[in-house]
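This is what each chain is made of:
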Amino acid sequence: MKRILSAGVLAALVSSAAYGMDFNLVALTDMTYTSYIKNDAYNIMAEHITPQAAGAYEELRLKAKQQVEQVKFDFVGWIKGYPGRESVDYAIDSAYFSVENGPFVLYAGKQRIKWGTGLFWNPVDSLQPNPLDIYRPTEDLEGIYALRAELSNDIVTPSLIITPKPGAAYKGLDAAIQLYKLVGTCDIFLNYIYDTDIQNIGAAISWDLGFFVLNCQAALKQVPGSGEFKLANRGFNSSYMAGLTRTISNELSVVAEYYRNSAGMSNNDYVASVTSGTIPVFLGKKDYLAYTASYTWNNLLSISFTGLHGLDDGTSFLFPAISYVENTGYDAQLALLQNISARGVKEGIDSAPIYSTVELRINAYF
Amino acid sequence: MKKLLLFTVVMLLAAGAGLFALDAKFDKAYAEKLLKTVDKSLYPQIFKSSLTMTTFRNGREPLAYKYEIYSKGADKSLMKIVSPARDKGKKILLNGDNLWMYMPDVSRPIRLSRKQAFMGSTFSNEDLASSGWADNYNAEITQQKGTLILLVLSAKNREVAYAKIEMWIDDNAKVPTEAVYFGLSGKAIKKMEFSNPQTIGGLVRPLDMKMVDLIEEGAYTEVKMLTMEELQSVPEYMFDQSQMGR
Amino acid sequence: MRTQLAGIALRNVFKNKRRSILNMMTFAVSVFVLLMGLGMVKGQFNAIYERIIDLRTGHLKIYNKAYPAVKSTLPLDLAIDDPNAVVLAIKNVPHIKGASPRLIHDGLISNMKKKTGVLINGVDEAAEKNILTVYNNIEGSPLPVDGGQVLIGRALAKILDLKPGSPVLLFSQTVGNMNNLVDAGVSGVYSIGFDAMEKSELYVPLAFAQRLCDMENKATEIIIRLDRTNSTAEAKTAVAAILAAKFPGLTVVDWKEENADLFELAKAKMSSIGTFAGILLFLSFFIIVNTMTMSVFERTPEVGTLRAIGFDRKNVRDMFMMEGFFLSIFGVLLGYVLAAPFIYYLNVHGLVLDVMKVASNSNMPMTDVLKAYNTPSDWIMSGLVCIIAGVLGSYFPAKMASDTNIVKALQRGVR
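Protein chains in written order, with my numbering: chain C, 1 to 366; chain Z, 1 to 246; chain P, 1 to 415.
Derived from the structure by calculation, the hints contain no laboratory data. It is possible that some hints are incorrect.
When the alpha-carbon atoms are kept at most 35 Å apart in a straight line, the in silico DSBU-like pairs for lysine-lysine are as follows [to be verified]:
| id | chain 1 | residue 1 | chain 2 | residue 2 |
| --- | --- | --- | --- | --- |
| 1 | Z | LYS28 | Z | LYS66 |
| 2 | P | LYS199 | C | LYS38 |
| 3 | Z | LYS40 | C | LYS110 |
| 4 | Z | LYS224 | C | LYS65 |
| 5 | P | LYS399 | Z | LYS91 |
| 6 | Z | LYS164 | P | LYS113 |
| 7 | Z | LYS80 | P | LYS113 |
| 8 | C | LYS72 | Z | LYS224 |
| 9 | Z | LYS210 | P | LYS158 |
Reference listing, derived: stretches of chain Z covered by chain P, where coverage requires no fewer than 3 residues with Cβ under 8 Å from a Cβ of chain P [what the hints assert, rightly or not]:
| id | segment |
| --- | --- |
| 10 | 158 to 169 |
| 11 | 199 to 209 |
The beta-carbon is built from N, C-alpha and C at its ideal position, and this holds for glycine as well.
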């Protein structure tokens, strides 16, 4: 299986090159070593899988682009192989066509649509099927199948999205609209998602105040109850995010964000809802604070430091990382994820029972 | 004998004068007109270009980037990084006081502060993005070597970047081949070499430029224009941040 | 009830001696480090102010009125016209030891191979010898009254491989923002034992700087030295009066205003000590949370018994919090005892530094003897902060203990 897929990727590469497609390949190898906290969450996890201390994978990521006049095709897909395993994981993150006609553009296919102006959290964006990796917020996400139309103009740029609901036969389509307007040095977005599971209306801004860039977002979500289940946190929930970004020099930049999610649950809420017999729709925790600072030295070495804190229950994670850029073809990253949560803090359901993870990743770009 | 000597001297003087004499057509008006042509050739108002920019400094690996640029006037530019592979697909959009960076992996633009913008200098570089010399400099032709003429630009006031610019211009093609930039004291600060002239948009333009920093040994920047197109207009959606993902 | 609770808490402290000593040591170390940190930083800044007056700012400076607000951009268009007339007018003000016009602008220096950014100070060296100590230790010859000569710092000379007589290029921009480049030669190399300044500040004759910046007979500031720092306020008033009468476009600032950014830096440094202290306290906090939690677990049956004999939840919680309070108090007292001799020595005798070696890498100028400066408020503050951390740190375990289910706790007890 592994071999067949590798051959498939190679064939895709060769043919895309032959057809004059513009493609890029990133090959990476990733090694991790994890130590766990043997708490309840660990026990639950251990019932289903065998937690591994050492992990590794190799990944090939292909990005290809083909443009013929006004029609463009974009593809991002990857395969992952694991040592000692014959099967591989693979996914297509995006594969879509876009048709342009001047200011009008239509996208069709599996595509990544990201809304909001936050780095870590975007309450207005419930289009994403998977939450993003908070420690690598700039990394790829799997896209959604959608039809998206946009019309750029001086007044306001609308973006209209229609997306079939995956795996739900009894509900048809979700729809979403975003309106964008630039006012002075401020980007203003209005967002609305009509989704049979979670409706979401919100607004986001990104404002260059000179000294820093201010990013703010607020969203109101409706989580409907679905008959059979008694949901703990259905109804209207509000959430908001506020963040600052500052580029201090060529080399140094800092981002800090605070996120409040009324649909989220503190650990006490979670315990209370379980004991009262309701099923929580789990939408993360209530209060978060995250920050990241990165410093690049001589275009060679960059050091970043990320911290994530659950403000209501004392869970804290630190994520320092060092990247070394050998040249434009290779780079390597060494990172440490350290759980510094206060001892005795009861782990919430989403608190991974991880004490620390060391990760080494080497990337090659072709 | 005396007559012969006198004759020789006169001939030599005449020859000498002839050697350095300017054609009569190279007068003040001609010089001013030539400068305006050079401005147009170097600084089109609206253009699309792709270029490689390589910075060389002693003791450091050369830093080479390939860009594709759409530009309209002085305050609107969209710059896409084409190579190296690591940074490919990154885009930088400048629109007035706004600056965004688009990274393909993030799938949406991130706003950067214009005031502390690190990329800002690339755009505001007076040598590349200036709107031209004719407004601020008096032009005079002082030398001629075959088809090459030396256009000397002297600052009309003391509020411009250079006191004097000496520009060798190919009179046939009307493009500069070399320019040396002088400070107030009369010492050369920077030298620009222009080469590979091609006709683009009805004007001959030098496609390769090498900017030599005369203060630091071995430091220079090479700009190779791979293509350069003067456009009638660039659609506004090019400068709409919500369209950077196109 | 309160005293009874306190009694039990106190007894608990002495019951498990090893754990209690560990807890107390944590607090003792925190207090110790806080006291030392505060004292050294404050002491360092006291020394720095005197040194900075000697090296850079003098006691007073006269500027164009609009200059101080935008000083960091080193504007040339906000200059002092005919500065010599101003110097002449204020020369006889009591306490003034010397006054001299200067022209300051940023630029680049190059040895033809490498370039580096510098602050170009156009000065009258002969006059400034009475004002600043920069010129006290020079290898080579002093600056001439005019001409293309530069006096550079030892650190810069090392970076660019220069010595007296070496040719250099100086780049700067004129008042009209025109680029300018001139030839010059190194006349001398100064040493002050302060790398950051030696690297970035160079001196040229005033007349030469005026030509470089196209500022004939103009200066950006006038520097004034007084006979002693204590006379600053008096002299400032006198100078201000003269300026108001004769040169209404000018203003005078004292060394405190001039070094406002240094005060900011001092604050930043204080806050970095604060951060460090915060980390320490955080650590103390976790250690106490941890040990108290352990203590609560171990004493679950005891808690059950207490609850059974009529202690309510609040009593149990208070008991554990008092335990935390006692631990931190004892810890702080221990810290005071340990710190006292060190603090005494540092405040009275100080550390003797070889300025040229130790401090030249610092980003601030230093003196030979670094004395700490501690006030009683330092003692009170560092103690209080630790005690608060102790009480807060015991809150969560205390709450856990108070939430104990009586029946389960007793079951564990009889197991």
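Hint check results:
Note on LYS28(Z) and LYS66(Z): the hinted pairing is violated, with a Cα-Cα distance of about 40 Å set against a maximum of 35 Å. The hinted pair formed by LYS199(P) and LYS38(C) fails the criterion: a straight-line CA distance of about 55 Å is larger than 35 Å. Of the pairs offered as hints, the one joining LYS40(Z) and LYS110(C) is violated, with about 45 Å between alpha carbons and a cut-off of 35 Å exceeded. Under the criterion of a C-alpha separation no larger than 35 Å, the hint pairing LYS224(Z) with LYS65(C) is consistent with the structure, at around 25 Å.
Under the criterion of a C-alpha separation no larger than 35 Å, the hint pairing LYS399(P) with LYS91(Z) is inconsistent with the structure, at around 54 Å. The suggested pairing of LYS164(Z) with LYS113(P) holds, with an alpha-carbon distance near 24 Å, which does not exceed 35 Å. Using a Cα cut-off of 35 Å, the hinted pair LYS80(Z) and LYS113(P) holds, with the two alpha carbons roughly 34 Å apart. Note on LYS72(C) and LYS224(Z): the hinted pairing holds, with a Cα-Cα distance of about 28 Å set against a maximum of 35 Å.
Using a Cα cut-off of 35 Å, the hinted pair LYS210(Z) and LYS158(P) holds, with the two alpha carbons roughly 31 Å apart. Residues of the segment 158 to 169 of chain Z lying with their CB closer than 8 Å to a CB of chain P number 6, which satisfies the three-residue condition for coverage. Counting residues of the segment 199 to 209 of chain Z whose beta carbon lies closer than 8 Å to any beta carbon of chain P gives 0, which falls short of the minimum of three for the stated coverage.
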